[in-house]
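The primary structure of each chain is shown beneath.
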Amino acid sequence: MNHGLVIELIATGIFYGTPMAIAALGELLAERTGVLNLGVEGMMLMGAVVAFWVSRDVSGPNGLVLIIAVVAAAAAAALVSLIHAFMTITLRANQVVSGLALTIFAGATGLSSYVGDLANLGGNPGHHIMNAINVFGLKNVPILGPIVFDQPALVYVSWVIAIAIFWYVNKTRQGLHLRAVGENPEAADAMGVRVTHYRYAHVLIGGALAGVGGSFYTLVISSEWTDGITSGAGWIALALVILAFWQPAGVLAGAYLFGVVSALGANLSARGVQLPPEVFSALPYVLTIVVLAIVASGWGRGRFGAPAALGVPYARDGA
Amino acid sequence: MRAILPAIPVRLEKRTDRTPGWVLAATPVGAFLFAFVIVTIVLLAGGHNPLQSYSAMLQASVTSTSAISQTLVSATPLLLTGLAAAVAFRMGIWNIGGEGQLYIGAVCASGIALAIGAHGIGLALPAMILAAMIGGALWAAIPGLLRAYLNANEILTSLMLNYVAGLLLDWLINDSNSYWRDTTGPSAYLVAHGKTIPGSADWPAIGGGSFTVPFGFLVGLVLAALLFVLVRHTWLGYQLRVTADNPGVGRYAGMASKRNFVIVMLLSGAVAAIAGASQVGDFTHILDPTGLQSPQYGYTGIVVAALGRYNPLAVVISALLLGAITNAGINVQSATFPQSLTGVIEGIILFCVLGSEILSRYRVRVGPEKVAVAA
Amino acid sequence: MVSEPDSRVALAARGVTKRFPGVIANDKVDFGVLSGEVHALLGENGSGKTTLCKMLTGMYQPTAGHIEVDGERVVLRSPADAHHHGIFMVHQHFSLVERLTVAENVMLGWSLDGSRIRFKRRRAEQEVARLAEQYEMPVDAGKMIGDLSIGERQRVEILKALCRGARVLILDEPTTVLTPQEAERLFASVRRLAKAGNSVIFISHKLHEVLAVSDQVSVLRRGVMTGTVELGDHAASVDRKELARMMVGREIELGRRPRAARAPEAAKAGLEIKELVVHNDLGVRAVDRITLNVAAGEVLGIAGVAGNGQREFAEAIAGVRPRSGGEVSVGGTPVRSGRPLAALAAGMAFVPEDRMGMGLASGIDVAENMVLKSFRTRAFSRGPVIRRGRVVDNANTLLTGYELQGGPSSLVGQLSGGNAQKVLLAREMASKLQALVIAAPTRGLDVGVTETVRKLIAEAADGGTAVVLISEDLDEVLDLADRVAVMSGGRITGIVEAEDADVEEIGLLMMGQDHGA
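Chains as they are written, first to last, in this note's numbering: chain A, 1418 to 1736; chain B, 3 to 377; chain C, 124 to 640.
Treat the hints with caution; some may be incorrect.
Quick list of in silico lysine-lysine cross-link-like pairs, DSSO-like style, CA-CA up to 27 Å [claimed, not checked]:
no., chain 1, residue 1, chain 2, residue 2
1, C, K364, C, K496
2, C, K243, A, K1588
3, C, K496, B, K260
4, C, K397, C, K364
5, C, K555, C, K578
6, C, K266, A, K1588
7, C, K397, C, K266
8, C, K496, C, K555
9, C, K364, C, K151
By construction, these hints were calculated from the structure, which means they are not laboratory data. Predicted model only: the values in this text are computed from it and were never measured.
Turn these sequences into a full structure, and let the hints guide you.
This is how it looks when you write it as C-alpha cells:
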C-alpha cells in the first residue's frame, strides 16, 4: 500500500466524517445536560434542505451565500429541535419517544422532504458549492498538505467548534453548570443553576449544529437535493457521541475513523482481502457495548460513562 | 444564560389526588382534534386544499377493500414492532433495539425458509416464526442481561446493537458468499441480492378478491390479544406491573426483578423479530438489506406504541392509523398528497398526543405562585 | 433563655409559630444563637426542630412571629435570601455531583471573583484548600466526589457554605452518616468554626454529642421549646435526666394495654435474633450485632429516634434486606438471609413503615395487593391465568371487619393513609403468625384508625404471635409493649420492662447513653 493512498484515505476520511462530527458535537452538548435527542437525522435533513434552498434561490457572491445558507440551516434545525426541547423539558415527555417522533416528523418522508417538494428543490442543481480551500497555498505540502490544507471551510469550522466545545465544557463556569445539570440536576438546582434554561439552550445548540452538519451534504459533497440525502448520518452521529464517551476530541477521532473505514472497506474488498469491511465497521459498536458494560458495573464509573441524568426528565417537585 | 426565556405565568402543578376520569378520556381525543387542526393549517400553508388531501388519503387507505388491504400491508410491520415496544416500555424498559431485532428475525426466517421451505408452508411457516423469535430473543437478551446484572443503560446498548445487526445484514448479502446470497444468475455480482425463498414458503394472505389480510397482520392481532392477557391476566404480567411501578415492592414481596427484566426483553425481542419474518414471508420473499433498513419499522414501532399508550389493544389501532397514513403517502404521491406529508402528519399527531399526557399527571395553573409571608 | 434583642445574637426566631393543615409544627418558639457559639437543638422526630430550621433558612415562612439577624428583623423568602445573610444549612442528604471534583462542586453557581465565564480551576482549588486547612477539614480539592467517603463529602458541604461567606451554619443531624472517628473530627471542626466567630446550630438527638460540642442546648418537644440550658464549662455536671425529661416529656398516658394472661410463654420460641449485622444502602453498618429474643405472645417495642438502624433492622429480619452477619429464626425455624418468601413461609409478617413504596403497590388495586405474597398458590390460578374472582373473594374475606372505604377494585394509590394501612394489615395479619414485625404502625393516621391498629397488634400478641413493634412514638410503645428495647446508633442501648419504665431513662437511652452508664 503506497503512501499516497493512505494520505488520500485520511483526507477523504476527514472530508466525509465532518458532517457527522459537527452533528455529533451538537448532540454531545445536549446529552451532557441530560437530554437525549434521537432526532438528529431529521435535524440534519432540515439543515440540508434549507441550505440547498438558500444556495439555489439566493444570489450573491459565493462566500456570502454559503454563509447565509449555513446559518439558515442552523436556524431551521434549531427551530425543529425546539419541539423536542419543549416536549421533553417542559412537558416531561419520554425523551426516546419524542426524539423518534422528531426523526419521523422531519426526516426523509417528513418535513424536510415536504419543504423540498414545496420549493421544488428536487432535481434542480444548486448554484453555489463549497469547494476545498487551499489554505495558505499549502495544498501540495507532502503528507499534511492534502489532509490539513486542502479541505472545505466547514472542515476547519468543525475543528474550531470542537476546540471551542472542549474549552467551554471544561474551562468555563457555564460548562461546569451544564455538566452538573447532566449529572445531578437536583444538586445543580439546589445550587441555583437553572436546569431548564441550560437544557433548552443546549438542545437548541445541538439542533443548530446538526443543521450545519446536514448542510454539508447539499453545499459541499454535492450541490443538489434528494430526499434523505444524509442517508443515516444522523444515526452515526448519535453513535459517535456514545463511542467517544461524550468527549469532543473523541467525536472528531471517531468521525474520521468512520470516514476512513468506509473508504478503506471498499478498497480492501476490491483487493481481495478476506476480512469483510463490516467487521471493521461493527468493531467500534461492539467495543462500545463492552465498555458501557464494564463502566456500568463499576470500574471507571467516575471518569467515563454516560451523564448520570441522561434520559430522565427533571421536575423540581421530584415527580 | 440568564434569561433566555421570559418568565411565563403558567405553571404545572403536580396532581395530588386522583386524575378525574374525564381528563383521562378526553385527553387523547382532545389531542387528536388539536393535531387535526394543526395538520389542516400546515396543509393550507403548503398551498394544498385540505379537503382534497384528506379525501386522497382516505381513498387510498380506507374507502375500498383494496385500499384497506394496502393499509394492512403498511400496518403489519408497525403492529408487530409496536407490540414489541409496548410490552417493554410499559414495564419501564427502554428497548430501542426493535430495529436490530427485526433484522435478526428476517435473517433467521429467511435462512430457515431457504433450508426447508420446499417442504411446504405447513412446516415452513411455524419454523420461520420460531426461528425468528429465537433469534430476536437472543439479540434482545444482550442488552437485557447487561442491564439487569450490570446496570448498563439499555437505551445505549440496544441502540448499538441495531447498527451491528444492520451491518450483519449488509455483510450477508453485499459482501460475502453466504448462504443467503444469490451467487447464480447473470445479475449476481452486478447488484448483490439475496436468494428468493421457495414459493411454498411464501406466507398466505387470508381473504379473497380485493380484500386480503397479510398473515403477519393476523399474527399481530393474536399477539396483541395474548400480550394483553399476559400483562393484565397472568401472574407474570402482574409481577412485571408491580416491579415496573414499584421496585421496592418487588423486593419486599420476593419477586425476582432481574429475571423478570430479562424475560420482558426476550419477549420484546421475539415479537420484533416476527416483524422481520413477516417482511420476508409476507412481502419481499427475499432477504433485502435496503428494503429492511430504510423504512425504519423498529423505530416507528416505538412511536406506534407510544400513541397506543403501551396498551397492546390500542397499539392495533395506532398501527392501523399510521399504516393508513404511510400507505397513503406511498400510493398517492401526487400534488394533493405528496409522500413527504406522511412524516409531517404522523409527527404532529404524535407530538400532540405525547404532549397531552402530562395533563394526566399535572394540572395547569395560571398566575404566580403564592408564597405565604408572615406579617 | 436569651430574651433581650442583642446584636451578639447572630440569628434568632422570636415567638415563631408554624402551622400546617391539621398540625402545629412550632408553637411560639423563641430561639437564638450567639456569634461564636455552638447551640444544640435537641428533640425527637416530630418535635419541630427541622421545621424551625427551615424557617431560619428561608425554606418556610412563619405563620406568626419573625426572624432576626444580628438583632434586626428580616423576612427570608427563600434560601437565597438566607444565604445573602450568611445563613446556610447542611442537610442530611447532600447536594453533590459525584462526577465533579470538590472544587467544582464548591464553585457551582458561584464565583470567587465575579468572573462570569472563566472557571479558574486552580484558584478555586487553592481557595478550597485554604478554607479546609483553616477549619481543620482536610479534603483534596481536586478529587472527585465519587471517590470521597461520607465524612469527606460532608466536609465539602460545609466548605460550600463557608466559601460563600457563611456566618451561621445549621447542621441537621450531621453524625447520622458518620463513623465515630469522623464524628470526632466533625466536632473539632465545629469548635474551630465557633472560635472563628461563626455560629453553629447543631441539630441532634444524641446527648453525648450535644454535651461534647455545644455551649448551649435548647430542647424542643412537640413544637414547643421546653427549655434552654447553658453548658459552659460545667458540661459534666449537667443534669442529663433533666434534659431527657425536656426532650421526652413525662406524660405516660393511661390506656395501657390490659394484658390479662400476660405472662408470655417464655418457653415457646417466637423470634430469635442473634448477632445481627446489617449494612444500609450506602454500605455503612446500620445494625451492629444485635441479639434479641422475643417470646411467643410478647410484644417487644423498639424505641428510638428514626435513623438509628431501625429500618435496616426490620428489613433484615423480614428477609427483605440481606444480612451481613448473624442469624434469625422464627418459631425455631432458621430463616435464610435476603429471602422474604422464606421468612413468610416460616410464619413471619412484615408491615413496613414505607407503606406505598414497599408494603403496597400503588399502581394496582386492593384485591391484587392482597395477594402480593400469596399469588403463587394454585388456588388463584387457572393455568397461567389469574382467577380474578377468587382473588376478589379472597380480598373481601380478608377485609371483613376492617371497614375499608372503597372496595377490592379501588386503586391502592388513591387510598387515604388510614385505608392503605388497613389493607396492609388485613393482608399481613390474615393468618396465625409466628412473628410480626411492624414499623410506624400509626404514623399519619387519625384517632379511629390508630385505635383499630393498636387493637390488632394486641390481639396478635394475645394469640401467641411474637411482635416486634418499632415506633418513634414512645407513648405508643409504652402502651403496647411488654418490654422496651431502645435502639441508638445501630445497637440496643438498653431493655426495660414497659410497666416500670422510667421515661427519662428511656430518653437517655435514646440519646445514646448506654444502660447503666
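Now the hints, each set against the structure:
1. Annotation: proposed proximity of C/K364 to C/K496 is violated, straight-line Cα distance about 46 Å (limit 27 Å).
2. A threshold of 27 Å between alpha carbons decides the hint, and for C/K243 with A/K1588 the separation of about 7 Å falls inside it, so the pair holds.
3. Of the supplied pair hints, the one linking C/K496 and B/K260 holds, its CA atoms being roughly 18 Å apart against a limit of 27 Å.
4. A threshold of 27 Å between alpha carbons decides the hint, and for C/K397 with C/K364 the separation of about 32 Å lies outside it, so the pair is violated.
5. Restraint check for C/K555 and C/K578: satisfied, since their Cα atoms lie roughly 16 Å apart, inside the 27 Å limit.
6. With a C-alpha separation of about 17 Å, the suggested pair C/K266 and A/K1588 falls inside the 27 Å cut-off, and the hint holds.
7. Distance check on the hinted pair: C/K397 and C/K266 sit about 41 Å apart at the alpha-carbon level, beyond 27 Å; violated.
8. Distance check on the hinted pair: C/K496 and C/K555 sit about 15 Å apart at the alpha-carbon level, within 27 Å; holds.
9. A hinted pair counts as satisfied when its Cα atoms are at most 27 Å apart, and C/K364 with C/K151 qualifies at roughly 25 Å.
Hints 1, 4, 7 from the list above are not met by this structure, while the remaining hints are.
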